[in-house]
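Asker: Sequence:
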Amino acid sequence: MELAIYFANLKQLLDLDEALRPLDPDSIPSFISTLVFNNDTSSREYYANLVAIQWFEEHTSRTGDALSRLYFGQEFCEHLIPSPDDLTQAYYYCRQLGWDFTYVSSFCTDEALARQEQNLAVLADMDDDDIEVVVNDWGLLRLMQRQFPQLNPVLGRLLSKQKRLGRYTSVNSLWPINRNGLETPEEDLRQNQLAALRDTSLANPDYRRELRELGFARVDVDIVPEGLNLPDEPDGLETSCYYPWGYMAGGRNCLTAGVLDPQREFVVVDGPCP
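Whatever position you read off the sequence shown (first residue = 1), add 11 for our numbering.
No lab work stands behind these hints, which were simulated from the structure alone.
There are no misleading hints in this set.
Computed list of lysine to any residue pairs in SDA-like fashion (alpha-carbon distance at most 20 angstroms, straight line):
| id | residue 1 | residue 2 |
| --- | --- | --- |
| 1 | Lys174 | Pro216 |
| 2 | Lys22 | Trp110 |
| 3 | Lys172 | Glu221 |
When you get a sec, could you build the whole thing from the sequences and use the hints?
Answerer: Right, here's the structure in full:
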């Protein structure tokens, strides 16, 4: 199993040692825990990251696995795409650690695609056959095929059409079922519901063959509560999972940008992001 770590920007990457410093959440004094976590709207994020690092420490000490790949780049916002200089610095920092490099891209408008083209050119000039690019936009894949075929595409989780926020995550769910006019046993109905949630295009052999023909050797998915149906037998298309955070939904309206420009919470606004 390969372990990778994901940083969206250079500043976070350069704080790598601090990010990986283990801290047992249960060892934090209660008055500090209350002060730091309970009064902060981001407390779940802090706590989940601490738990993830704790899992990482336990896993690596038990198995001997180690980080061997860096995911770097902006997955959701075209305004936060790293500059070519930041990308170059991140790549060489990664290689100094002896890791392989994966560049993460976002969905692309025409403006974003032009910026991504500059970054892809930087990666292509590295003359590194192991560089991967996480593709979350079909236009970017076409650009890679046309101008940068030496880069290895990975199907991003924004293009992996999973069913998220499943209402039925186990056959023992307490959610009621309306069985009026149905003779199917309730347990079978729940099994059918769970199977429908677990199903995805990535379980379709024809779709997987098409992905391989497009040059993909790996797909990224989220860990969802109900699980995911994937082929049992190897077919040349590997799967990677994100932990601990998953993607739910995205859009052009931005709550973060809305802090400085409230209009951006509700509509797409022309002009640069604040």
